[in-house]
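Chain A is already provided as a structure; the job is to place chain B on it using the hints.
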Amino acid sequence: MLSVNNKMRQYWQLFFFLSPLLLPLLLFWVLPFICSIYISFTDWDYISPTYDWVGMDNYRYMLDDSQFLQALNNTLVFSLAVVIPTVAIGLGFALLLQKRFAGSSFFRAIIFSPWITPTVAVSIVWSWVFDSKHGLANELLGLIGVPSVSWFEHGNTAMFVVVLVTIWQAVGWTMLFFISALNKIPSSIYEASLIDGCSAWTRFLKITLPLVSPTTFFLLIVNIINAIQAFDQFQILTQGGPGGETRTLLYWFYQLAFQQYDMGSATATAVIIFLITALLTSLNVWIGKRWVYY
Amino acid sequence: MTTSIQENTQQIHLSHKTPWLTLKHVQQAAKYLFLSACGLFMVFPFLWMFFGSLKTNDEIFSNPLELLPQHFHWYNFVETMQSAPFGLYIFNSFEVALFTTLLVLANSSLFAYALTRFTFRGKTAMFSLVMASYMLPAAVTYVPSYIVLAKLDLLDTHAGLILSNAASVFGVFYLRQVFLKIHPSLIEAARIDGASELKILWAIVLPQCKAALTTLGLITFITNYNSYMWPSLVINTADKNLIATGIRQFFIAQGNYGLNWSHIMAASTIAVVPLLILFMISQKIILSGIADNGIKE
Chain A
1 MLSVNNKMRQ YWQLFFFLSP LLLPLLLFWV LPFICSIYIS FTDWDYISPT YDWVGMDNYR
61 YMLDDSQFLQ ALNNTLVFSL AVVIPTVAIG LGFALLLQKR FAGSSFFRAI IFSPWITPTV
121 AVSIVWSWVF DSKHGLANEL LGLIGVPSVS WFEHGNTAMF VVVLVTIWQA VGWTMLFFIS
181 ALNKIPSSIY EASLIDGCSA WTRFLKITLP LVSPTTFFLL IVNIINAIQA FDQFQILTQG
241 GPGGETRTLL YWFYQLAFQQ YDMGSATATA VIIFLITALL TSLNVWIGKR WVYY
Chain B
1001 MTTSIQENTQ QIHLSHKTPW LTLKHVQQAA KYLFLSACGL FMVFPFLWMF FGSLKTNDEI
1061 FSNPLELLPQ HFHWYNFVET MQSAPFGLYI FNSFEVALFT TLLVLANSSL FAYALTRFTF
1121 RGKTAMFSLV MASYMLPAAV TYVPSYIVLA KLDLLDTHAG LILSNAASVF GVFYLRQVFL
1181 KIHPSLIEAA RIDGASELKI LWAIVLPQCK AALTTLGLIT FITNYNSYMW PSLVINTADK
1241 NLIATGIRQF FIAQGNYGLN WSHIMAASTI AVVPLLILFM ISQKIILSGI ADNGIKE
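From first to last, the protein sequence lines stand for chains A and B. The end of the first sequence is residue 294 by the working numbering, with every number in the run present. The end of the second sequence is residue 1297 by the working numbering, with every number in the run present.
Some clues are possibly wrong.
[To be verified] Quick list of in silico lysine-lysine cross-link-like pairs, PhoX-like style, CA-CA up to 20 Å:
#, chain 1, residue 1, chain 2, residue 2
1, B, Lys1284, A, Lys99
2, A, Lys99, B, Lys1024
3, A, Lys184, B, Lys1181
4, B, Lys1181, B, Lys1123
5, B, Lys1210, B, Lys1181
6, A, Lys99, B, Lys1181
7, A, Lys7, B, Lys1123
These are calculated hints, taken from the structure and not from any lab test. No experiment lies behind these values; they were computed from the predicted model shown.
Looking at chain A on its own, in the form it has when it is part of the complex (with noise of 0.2 Å):
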């Protein structure tokens, strides 16, 4: 008797450490997430009560859509273009950071201040100094005899501003996670190499850069996941124009789900974003687990 509630009163405590995440979790991710696979396979338009299973119909479609094939090289040339920069300069700030000296905190607090200010406010600014008639841009190009450019109005230049705007929010987060894996490496290798005269620039190539490859990695995998799901920049200063020119996977699904009311397409064009996720995220764990260098 007496186990028998001692094993309803564990049950009752399991149950009271576990659901309140367990409630929402449930609620608004996983549940969420089954129904989004199951809407993808049907035409539903959001007003209308019913709706048809269609099959791989929306998907089937997706490859002749020139519009969605549009939206994923948008993703991949916008990834690509913020994330090897981010990670490149993250890496430079870094090794010049990483040693404590009278206003590193300051440079480090300095650098990472955009990761911090609301992405909608700061693309507000930058869309103020990108303005083709009156933008601090053009007027700097202008001291210099280039003639004034509509950066708004090519997809290049646009790409070129919301690119230049997340580099700039993502680059001193990145520079915090390189710190960090740069003090995990021993000084005796350092030693080592100093006793071998070896020079600076060996000494990054063959120690640091190596040693550093892991964190390096993971955080290309981090960065594409987050540029792909980049919105908020996108929003403020191209709403995915010229011509569908900035257009994403991640704008094309808004559009699709909350302006043309789309549900089956956009879902499955979530779905897509979903699976492209899913395969970086397993790529970084898989990785992860056989080039650990400390």
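Chain B in isolation, oriented as in the chain A frame:
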């Protein structure tokens, strides 16, 4: 003789040492110069925004290269605050971010404690479920989550936003790692003394993780204060808007877009300043929290 030799050696010594010192100095100076240039680029948008908010629009259009305003038009802020309820938006954002943060701290602690200190069937499955949700892009859940909120009659409410953001997979992940580092002997001792599990969590485990809890709390707060996409979908009533949606509405409003830069910059300043102040106060905790523990966003 001896003195001249000494002088000689000293000179040799000096001539040997001086270029070393200068090279080091030049390197130092170059480093500071380079870092200052980069730092200026990083904060420049904030400066440009702040000084822009103190100019008149005429000034902005006639002297677009001037950083400092001719006169500090503080009145721009009064006019901006009158043209849209920014104080209310900031209050809304604080309210939603604060309650979300408290919920996340509470339920992540409970869940992480159960994962690290209890033995029960399905524990591995439970952890895998959390791990799997980690890689789920929020967008995949938006359409059905919206319907769930509608069914619960929580659309267009702050309670709906708080509840739908209350599961932080990252929080569980992070606190689990921190809890694993706590020595089990303390917990065992308390159990033998007959303390309840909740009591152990509250009185023994949590006080040892203050730094981690603060970092998690700050990051959750900042993320929720800044969030835009999901709140802009859930909230329809103007008075319930969060700050990010509020300034976006102001930015695209008739007569503002591309014309009224001074007031738009004032609005952006109003949105950014509370966070910059929060960051100034807490930067040590945030920076070391991320650099020491390797936090994912």
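Earlier hints that do not hold, by number:
Result: hint 6 breaks, nothing else.
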